[in-house]
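Participant: Take a look at the letters that make up each chain.
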Amino acid sequence: MANMVRRHTTSARLWRGGLYTLLIVAALVYLLPLVVMLLTSLKPLDDIRAGGLLSLPSTISFEAWSKAWSSACTGMRCNGMSGYFLNSIAIVVPAVAISSFVGALNGYVLTKWRFRGANLCFALLLFGCFVPFQVVLMPMARTLGWLGLASSTGGLVLVHVVYGIAFTTLFFRNYYVSIPDEMIAAAKLDGAGFWRIFWRILLPVSGPIITVTVIWQFTQIWNDFLFGVSFAGFDSQPVTVALNNMVNTSTGVKEYNVDMAAAMIAALPTLVVYVLAGKYFVRGLTAGSVKG
Amino acid sequence: MPSNVSAPATGERRHRRSLAGHIERVLPRLVVAPSLAVALFFVYGYMLWTFLLSLTNSRMLPQYDFVGFAQYARLFANERWHVAATNLVVFGGLFIVSCLVIGLLLAIFLDQRIRQEGALRTVYLYPMALSLIVTGVVWRWLLNPGLGIQAMVRGWGFEDFTFNWLVDSDMAIYTLVIAAVWQASGFVMALFLAGLRSIDDSLFQAAALDGASLPRIYMRIVLPSLRPVVFSAVMILAHIAIKSFDLVMALTGGGPGYATDLPATFMYAHTFTRGQIGLGSASAIMMLCGVLAILVPYLYSELRGQRNG
Chain U
1 MANMVRRHTT
11 SARLWRGGLY
21 TLLIVAALVY
31 LLPLVVMLLT
41 SLKPLDDIRA
51 GGLLSLPSTI
61 SFEAWSKAWS
71 SACTGMRCNG
81 MSGYFLNSIA
91 IVVPAVAISS
101 FVGALNGYVL
111 TKWRFRGANL
121 CFALLLFGCF
131 VPFQVVLMPM
141 ARTLGWLGLA
151 SSTGGLVLVH
161 VVYGIAFTTL
171 FFRNYYVSIP
181 DEMIAAAKLD
191 GAGFWRIFWR
201 ILLPVSGPII
211 TVTVIWQFTQ
221 IWNDFLFGVS
231 FAGFDSQPVT
241 VALNNMVNTS
251 TGVKEYNVDM
261 AAAMIAALPT
271 LVVYVLAGKY
281 FVRGLTAGSV
291 KG
Chain Y
1 MPSNVSAPAT
11 GERRHRRSLA
21 GHIERVLPRL
31 VVAPSLAVAL
41 FFVYGYMLWT
51 FLLSLTNSRM
61 LPQYDFVGFA
71 QYARLFANER
81 WHVAATNLVV
91 FGGLFIVSCL
101 VIGLLLAIFL
111 DQRIRQEGAL
121 RTVYLYPMAL
131 SLIVTGVVWR
141 WLLNPGLGIQ
151 AMVRGWGFED
161 FTFNWLVDSD
171 MAIYTLVIAA
181 VWQASGFVMA
191 LFLAGLRSID
201 DSLFQAAALD
211 GASLPRIYMR
221 IVLPSLRPVV
231 FSAVMILAHI
241 AIKSFDLVMA
251 LTGGGPGYAT
261 DLPATFMYAH
271 TFTRGQIGLG
281 SASAIMMLCG
291 VLAILVPYLY
301 SELRGQRNG
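Protein chains in written order, with full-length UniProt numbering: chain U, 1 to 292; chain Y, 1 to 309.
There may be inaccurate statements among the hints.
Claimed, not checked - If the Cβ cut is set under 8 Å, some of the chain U residues that face chain Y in the computed set are:
1. I48
2. L54
3. L56
4. I60
5. S61
6. W65
7. L105
What the hints assert, rightly or not - As a list, the in silico SDA-like pairs of lysine to any residue whose alpha-carbon atoms are at most 25 Å apart:
8. U:K254 to Y:R154
9. Y:K243 to Y:R80
10. U:K254 to Y:G253
11. U:K254 to Y:V153
No lab work stands behind these hints: they were computed from the structure. Even for Gly, the Cβ is constructed at its ideal location relative to N, Cα and C.
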């Protein structure tokens with residue numbers, strides 16, 4: 001709908017100029033926190049106390065990064081973020097893989113092998129996207145205890161799979177709906193069964209939706225804080241919980257550069273994914289909200 | 001595509017096929033069954049469980065001697081809950097309205113054949129990829145009066161400049177709004193931009209030929225056709241607002257005092273740190289009611305829309 005009638009008059013030029021100015025100023029405002037975070041993480045503490053937020057570092061130093069990674073204190077321990085970063089990876093990888101795979105199967109059945117009650121089944125699953133997790137925290141804590149999974153990485157994987165299935169099913173269902181049923185019918189006539197159709201026909205065309213789902217799940221689980229802080233033990237805390245603990249640790253001199261470096265470390269994986277695959281990230285965000 | 005049209009079947013083969021056929025028939029249901037069972041237990045079962053807990057006198061540990069709706073009475077008499085609920089209305093209202101206005105303006109401006117549109121979009125949207133904990137940590141640094149924005153502007157020579165909302169219990173709630181809008185407004189922009197791009201060009205051209213001015217076209221034609229997008233956006237933003245927990249924990253920790261408590265942090269504090277599981281469960285159920293109050297009208301209108309169109 002970008003069809004402004006172009007008139008090369010002065011007022012039109014002014015309008016364009018104002019437009020670009022506004023957009024660029026807005027972009028700078030959005031960038032400011034990231035820039036400040038990065039600048040602060042590269043400054044020695046003296047620079048931080050002497051100069052303003054946006055002052056450039058007198059010398060660029062990666063000391064804060066290395067301290068945040070390997071020796072900064074989070075609560076009682078002083079091993080930096082590295083262990084928690086690995087914890088997050090250990091939670092994210094299996095949880096994303098399992099929930100995406102289950103979502104793909106559900107989407108496949110709910111669109112191509114419709115049975116009586118399939119719609120009701122989908123509606124029941126879908127509500128999981130909306131439930132405020134505060135409602136499930138206490139029962140989940142009890143259940144994990146009974147299963148012997150309290151405070152463990154396995155427990156967190158289970159929680160993320162359970163509450164991720166609603167989204168992954170939604171994504172795959174909405175994608176598979178648009179794949180013509182004739183393809184499936186033809187394959188059935190040729191004698192292809194349930195699994196063969198899934199592996200040979202559906203999966204090969206599922207590239208985009210797999211990307212969308214994996215990115216969505218990765219971002220959600222990596223950025224999770226509520227489940228991590230509620231269910232993780234000392235040895236399974238994800239990076240978000242560790243970051244929050246580190247920033248709130250109030251012993252000794254507050255090292256803002258280390259805090260910011262730790263925040264960058266926690267933010268980098270999802271930022272990198274966003275920069276590399278922004279298109280798919282946006283599609284995941286809008287998948288549930290814009291019909292189509 | 002597989003093309004193994006089967007050879008004429010012998011009797012034994014046909015038998016095996018019918019057994020296989022039977023498995024094929026129930027297989028789809030078997031595949032979905034675990035997910036359904038998981039949802040029934042971990043979503044619906046837990047909702048019921050939490051509701052039951054909210055009817056008990058549970059403190060440090062769940063126990064099941066029922067006291068009726070006494071916890072709800074306690075909840076509504078609780079000063080801190082009042083603060084949390086009021087905060088949610090203030091925070092949620094400002095958050096939703098600001099995101100809508102900023103998102104819509106950015107989308108309209110971006111939709112004017114802008115060079116480098118993709119790059120600008122990427123910049124507006126990147127905060128959405130961050131954890132709310134990261135957002136909270138960064139804004140806490142920016143808003144910290146001693147070394148943050150206040151100190152920077154004072155350093156520019158404006159000695160009287162004051163921006164200490166983070167430590168002012170009347171204003172701290174607005175710092176949550178600022179950080180949350182920074183994070184989510186780009187997302188609303190993306191929704192509106194998609195909506196704008198789906199509006200028929202000819203509609204726009206016809207109005208322009210009729211001599212309608214640009215603002216008029218937007219008011220009369222574009223905005224009304226974006227109504228469904230507004231609806232979706234409000235629904236998603238309200239949902240984010242009700243669930244807000246991470247941001248409060250990282251930015252204000254609920255403070256000063258409990259000035260920036262939201263229902264989510266109230267629930268967490270009472271359930272896990274203050275040994276008030278019954279009261280915490282009652283507040284969780286109230287949050288569920290809040291979500292349902294938004295969700296049910298939304299689903300109703302969606303379904304009705306599908307039936308009509």
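Participant: Could you run down the list of hints and mark each one as holding or not?
Facilitator: These are the hints, each one checked on the structure:
1. Taking 8 Å as the C-beta contact cut-off toward chain Y, the hint placing U:I48 at the interface holds, the least distance being around 7 Å.
2. Taking 8 Å as the C-beta contact cut-off toward chain Y, the hint placing U:L54 at the interface holds, the least distance being around 7 Å.
3. Hint on U:L56 is violated. Least Cβ distance to chain Y is approximately 13 Å, over the 8 Å limit.
4. Taken as an interface hint, U:I60 does not check out: its beta carbon lies about 19 Å from the nearest beta carbon of chain Y, beyond 8 Å.
5. Residue-level restraint check for U:S61 is violated (minimum Cβ-Cβ distance to chain Y is 18 Å; threshold 8 Å).
6. Interface hint at U:W65: violated, since its Cβ lies 15 Å from the closest Cβ of chain Y, which is beyond the 8 Å cut-off.
7. Look at U:L105: its Cβ gets to within about 5 Å of chain Y, closer than 8 Å, so that hint holds up.
8. Using a Cα cut-off of 25 Å, the hinted pair U:K254 and Y:R154 holds, with the two alpha carbons roughly 22 Å apart.
9. At roughly 18 Å between alpha-carbon atoms, Y:K243 and Y:R80 fall within 25 Å of each other, so this suggested pair holds.
10. A distance of roughly 17 Å separates the Cα atoms of U:K254 and Y:G253; the hinted pair therefore holds under the 25 Å criterion.
11. At roughly 22 Å between alpha-carbon atoms, U:K254 and Y:V153 fall within 25 Å of each other, so this suggested pair holds.
The earlier numbered hints that this structure contradicts are 3, 4, 5, 6.
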